[in-house]
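Let the hints inform the model, and build the full structure from the sequences given.
Residue numbers (this note's numbering), protein chains in the order written: chain A, 341 to 615; chain B, 791 to 1120.
I should point out that these hints are in silico values taken from the structure, not numbers from a laboratory.
Worth double-checking, as some hints may not be accurate.
Stated by the list, open to error - Calculated lysine-lysine pairs in the PhoX-like style (CA-CA distance at most 25 Å, straight line):
(1) Lys-392(A) with Lys-925(B)
(2) Lys-474(A) with Lys-792(B)
(3) Lys-792(B) with Lys-392(A)
(4) Lys-593(A) with Lys-576(A)
(5) Lys-792(B) with Lys-444(A)
Claimed, not checked - DEER-style ranges, computed between Cβ atoms:
(6) Gln-526(A) with Lys-1114(B): 43 to 51 Å
(7) Thr-933(B) with Pro-376(A): 21 to 29 Å
(8) Pro-376(A) with Leu-1102(B): 50 to 58 Å
(9) Arg-352(A) with Leu-1094(B): 51 to 59 Å
(10) Asp-360(A) with Thr-933(B): 28 to 36 Å
(11) Leu-918(B) with Arg-352(A): 24 to 32 Å
(12) Thr-841(B) with Lys-456(A): 37 to 45 Å
(13) Phe-598(A) with Lys-1114(B): 48 to 56 Å
(14) Met-791(B) with Asn-377(A): 49 to 57 Å
(15) Gln-947(B) with Lys-576(A): 51 to 59 Å
(16) Gln-412(A) with Asn-874(B): 22 to 30 Å
(17) Asp-360(A) with Ala-1110(B): 53 to 61 Å
(18) Lys-954(B) with Pro-376(A): 33 to 41 Å
As the list claims (entries may be wrong) - Examples of chain A residues lying across from chain B (beta carbon under 7 Å, computed):
(19) Ala-415
(20) Ala-428
(21) Asp-587
None of these values were measured; they are calculated from a predicted model.
Ideal Cβ placement from N, Cα and C applies to all residues, glycine included.
Chain by chain, the residues:
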Amino acid sequence: MLEVRNVSFSYRAGCEVLSDISLSLEQGEILSLLGPNGAGKTTLLRCILGLKKPQRGTVGIDGRDIYAIRPQERAALLAYVPQSTSMAFPYEAREVVLMGRVAKLRPGASPSEKDKDIAMQVMERLQIAHLAEKPFPEMSGGERQMVLLARALAQQARLLIMDEPASNLDYSNQIRMLRVVRSLAQERYAVLMTSHVPDHAFWIGGRAALMRGGHIWRDGTPDVVVTGETLTELYKTPVSVVDVPADGNAYAKASIPFINEGCPYSLKQGGNKSE
Amino acid sequence: MKMLGLFVVLTVLFFLSFMIGRYPVSPKTVWDILTYRLFGQTPYWEGTLETVVLQVRLPRILMGILVGGALSVAGASYQTLFKNPMVSPDLLGVSAGAGFGAALALLNQASWWEVQLTAFAFGILAVLISYTIGKAFGQGNITVLVLGGIVISSLFQSLLAIIKTLADTDNTLASITFWLMGSLGRASGTDVLVMLPATAVSLGVLFFFRHSIDALSAGEDEAMTMGVNVRLTKVAVVAASTLITVCAVSICGIVGWVGMVVPHIARMLVGANYSKIGAASFLTGGILLLLIDNVIRGVPGVELPLGVLTSLVGTPIFVALLAKTKRAWS
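Here it is as structure tokens:
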């Protein structure tokens, strides 16, 4: 449903932030975009969202060129969940979620009962209905992120663009958010998300793309693409990816950075105890 | 419910305001004077009283409501659009431009309507320049637009200072100074007839865009991904707010603080939603400015300057609001 072809973008001539990027995403698929700061992840998202127009290349959603259509039509095709939003004023959660309906309103009209129902449904779907009347500035980071996701779902677009949905969240909220993202993919949403934590790609499954220097460097399933070697090269820091026994015979993958030279810090003490 | 309360307060205040002044008029008599032609009653009052009510007090009271309300709605719109609670309607230089225009006209011994017209023209000009700066150097980026407004405000204030230096200290300088301090005393029936349609049109435009303005409170980029026509909404808000502010300033001089403080009071009463604070700001602004002007009219022997009194009243209100809402802004 999302088709990015040969996109190149530069803020200044001769200094490309994105060069010749191509990727595609199908319904029900999750693509985690990994890469160091400055790799161009955010710029790529901005190009896909139509906030920046690349100098070369095309972005199509359901076969439509997103730079050729109005923001109102674009909002029906894809929705954006920002990393964190500052709201200068104490909007209540339901008011924020209802903003997601703005593109569907007739000119000058107020949200209908149907719009309000949709807003309420997505809040119930995300289990945040109890926050409906809580002012946004008084919410915790996890609550805010859920409200912003609810706003995006209220748009009823089938493609979700999420900028580090699980950053700035505590451990349990990270897991909760990623679970929600995965269940959305099971409901046939396509999700493109960036992350700074390689483990998120393992947890959530789907596909992972590694980005560096404005290129897509690797693209495939996390098991294949996210390895000790690729992470070490991508982040210029020694990382090891290990199999960890999970339930029964299953193994889960985990990435472990080498803090102490030569040996992952988390094995140093644990190893003595278990042997 | 709160909105209805504000409306009732404003209506009651409207009638009570006629009681202030050298000829006190009871609300009943005011009602009869305003409506006797409609209902075919016979007047039981003196002709002078009718003149006082219709020609002197009514325009001034209506103007107080319109200017207070309009400036507050403009302030609320700018605060939501610019995501900034510290913003007032003269952000883009309207007041500074209009002040310079009025002073220029007064320096040239212009007539009263010429002063208003020049103030109007320079107020618009200042906003146009600010907007052009924002467009040319910031590609419409809001921070650059605000900076443009600051620069242009300060430019016109410098030009105003030059005019003040050139002005004859006995006459012209005094009238410039009084003009700048603002007054509702100058408002005539004709002024109301200018202010009323300008306010109505602007409020109509802002009402039309109310939900897009709400979405813009999340920032321009996010609003665009939600499907808002950001450029059109911004132009509409700036044009509508400028029109009401420049009309208010041209007729009444510079009335500070109302446009910044009232939206905060409104927000405390009805929440952040723009549709609600727009309406609540209009009513609250009307009430506040009418109250202040009643104080001015009530003090015998001297006409206290309106702009000074709004600052005197506005500052403590704002400090009280800061104490109450500090958590929401952090």
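Numbers of unmet hints, in rising order:
3, 5, 12, 18 and 21
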